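One gets our numbering by counting positions in the sequence shown from 1 and adding 934 to each.
FYI, nobody ran anything at the bench for these hints, they're computed from the structure.
Please read these numbers as outputs of a predicted model, since none were measured by experiment.
Do not rely on the hints blindly, as some may be mistaken.
Said to hold, decoys possible - No farther apart than 20 Å at their CA atoms in a straight line, the calculated lysine-lysine pairs in the PhoX-like style are these:
#, residue 1, residue 2
1, K979, K940
2, K938, K992
3, K940, K992
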Amino acid sequence: MSAKRKVDNLLALAVLATLAQRPMHRYEIASLIRAHGKDQQMDVKWGSLYTVVQNLAKHGFLEVVGTSRQGARPERTVYRITDVGLAELADWTRDLLATPEPEHTRFAAGLSVQMVLPPGEVAELLHKRLAELEKAVAARRAALDEHLKTVPRLFLVEDEYALAMVEAEAAWVRALVGELDSGTFPDLAGWQAFHDGDGMPEDLARLAETTEPAPERNEPA
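Can you build the whole structure from these sequences, using the hints too?
Spelled out as structure tokens, the structure:
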């Protein structure tokens, strides 16, 4: 079971991961989340962005560092992630990667921010997840086999589907862990170098810049 979070909306995870790159205002945060496709991976509800940012700040995960202005536009509040926020981001990511849940979007959310953890730790977390998935596969298969002794298959196809989905996830995680363990995962060296304090690789650093502006919203700065 995943830990209870003070701010549990997956949009909060996206905000924390985005601000881990650099301080920015909410319009920039939204632009980067959209540009990187995080809104699709996390089923983001944009109307809650203002509330999520305020809640993250209330719990000490973010802090205001100033304001910025472009041209004649109103001033915008600039936020940065705190040390407490970085710790929450890392712990939340660990939880999402290691713990299988029925809501698959949460695993996708964890994968989308896995770079906040070193690759070796991600591999360890995925090994834990794989072990849980393999237990689930064995339990589901045993239950299905037992039910098939007395229940027509017509009434068990949904159980077959559920088993197939868990088997598919286990196979995918197994392949990913294999790449991480063998060192064949692309960009692994740059990912590790980032956590060794050598800075973000140039191609990854470019992703920290806005590439597609988000639409203006009539919300307070």
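Taken at face value, is the distance from the CA of K940 to the CA of K979 at most 20 Å?
18 Å, holds
Can you confirm whether the C-alpha distance between K940 and K992 stays at or below 20 Å? 10 Å, holds
key: Hint consistency between K938 and K992 [alpha-carbon to alpha-carbon, up to 20 Å]   = With a Cα-Cα distance of about 17 Å, the restraint between K938 and K992 holds, given a limit of 20 Å.
Every hint from the earlier list agrees with this structure, and none is contradicted.
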